[in-house]
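Residue strings, one per chain:
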Amino acid sequence: GQQVMQIPQYQHVQEGEDFTTYCNSSTTLSNIQWYKQRPGGHPVFLIQLVKSGEVKKQKRLTFQFGEAKKNSSLHITATQTTDVGTYFCAGAPGNTGKLIFGQGTTLQVKP
Amino acid sequence: DTGVSQNPRHKITKRGQNVTFRCDPISEHNRLYWYRQTLGQGPEFLTYFQNEAQLEKSRLLSDRFSAERPKGSFSTLEIQRTEQGDSAMYLCASSGPGSTMNSGANVLTFGAGSRLTVL
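Chain order of the listed sequences is A and B.
Quick note: the first sequence uses my numbering, first residue 1, plus one each step.
Quick note: the second sequence uses my numbering, first residue 1, plus one each step.
Chain A with its partners taken away, still in its complex shape (with noise of 0.2 Å):
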């Protein structure tokens, strides 16, 4: 079946060091999204990439979505302690309105 995959699924990072997670499929993907989810709380929408090879920035987040449209990454640089939570990419396979994501990858940041 369809499979989204990300990792790491844990990264511990010092207040200002860099951080990276990288989510793939095993199918093309119409796009991808990314989602945050706080401790205790739930998902909550960060961007939509649409293109083949689209890179878009939110202030210190950059997003990227693959040229064969089957992987992305989500890159923070210098963390800060709001930054804490899990990182969740959820693909589109074809042209289906279902969003399958990924396990997740889970950020702490120590101060």
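Think of the hints as simulated: they come from the structure by calculation, not from any bench.
For glycine and all other residues, C-beta sits at the position ideal for the given N, C-alpha and C.
Careful, some of the hints might be misleading.
[Stated by the list, open to error] Per label pair, the in silico range of CB-to-CB distance:
(1) B:Ala53 / A:Pro8: 38 to 44 Å
(2) B:Thr2 / A:Thr27: 35 to 41 Å
(3) A:Val55 / B:Gly40: 25 to 31 Å
(4) A:Pro8 / B:Thr2: 34 to 40 Å
(5) A:Thr82 / B:Gly85: 33 to 39 Å
Fit chain B to the given chain A structure using the hints.
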């Protein structure tokens, strides 16, 4: 607009009992999704509706699970004869035409979830 509302927030039940969760989506959203999330995992797709039509249901979903959206507004998710393995957070999300950037999946707005514990 109060966002996506889910009830109850917590449900503790004994194995073998039936439970029902309700989701009230954002009023102008035509799509409604149900996901299940266990500790340390990403949300697992269960089913989704466009208006009142159930467009897709996970093949992994047991026949004990059923979802409805009779008037294209709120939705219910019922689990019959609950098992301990059903213990999880059940998340509802909605999306609308305005959040579509292409013909694929919409951007989801999640509710706070309904946590089920089966004893």
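Do B:Ala53 and A:Pro8 keep their Cβ atoms within the hinted range of 38 to 44 Å?
holds (39 Å)
Regarding A:Pro8 and B:Thr2, is the given constraint of 34 to 40 Å on their beta-carbon distance met?
holds (36 Å)
For the range 35 to 41 Å, tell me whether the beta carbons of B:Thr2 and A:Thr27 fit it or not.
For A:Thr27 against B:Thr2, whose Cβ atoms are near 36 Å apart, the range 35 to 41 Å holds.
With respect to the beta-carbon atoms only, verify the hint that A:Thr82 and B:Gly85 lie 33 to 39 Å apart.
The hint (33 to 39 Å, Cβ to Cβ) holds, given that A:Thr82 and B:Gly85 are roughly 35 Å apart.
In this structure, is the beta-carbon distance linking A:Val55 and B:Gly40 contained in 25 to 31 Å?
For A:Val55 and B:Gly40 the Cβ distance comes to about 30 Å; the hint holds.
The structure shown violates none of the earlier numbered hints.
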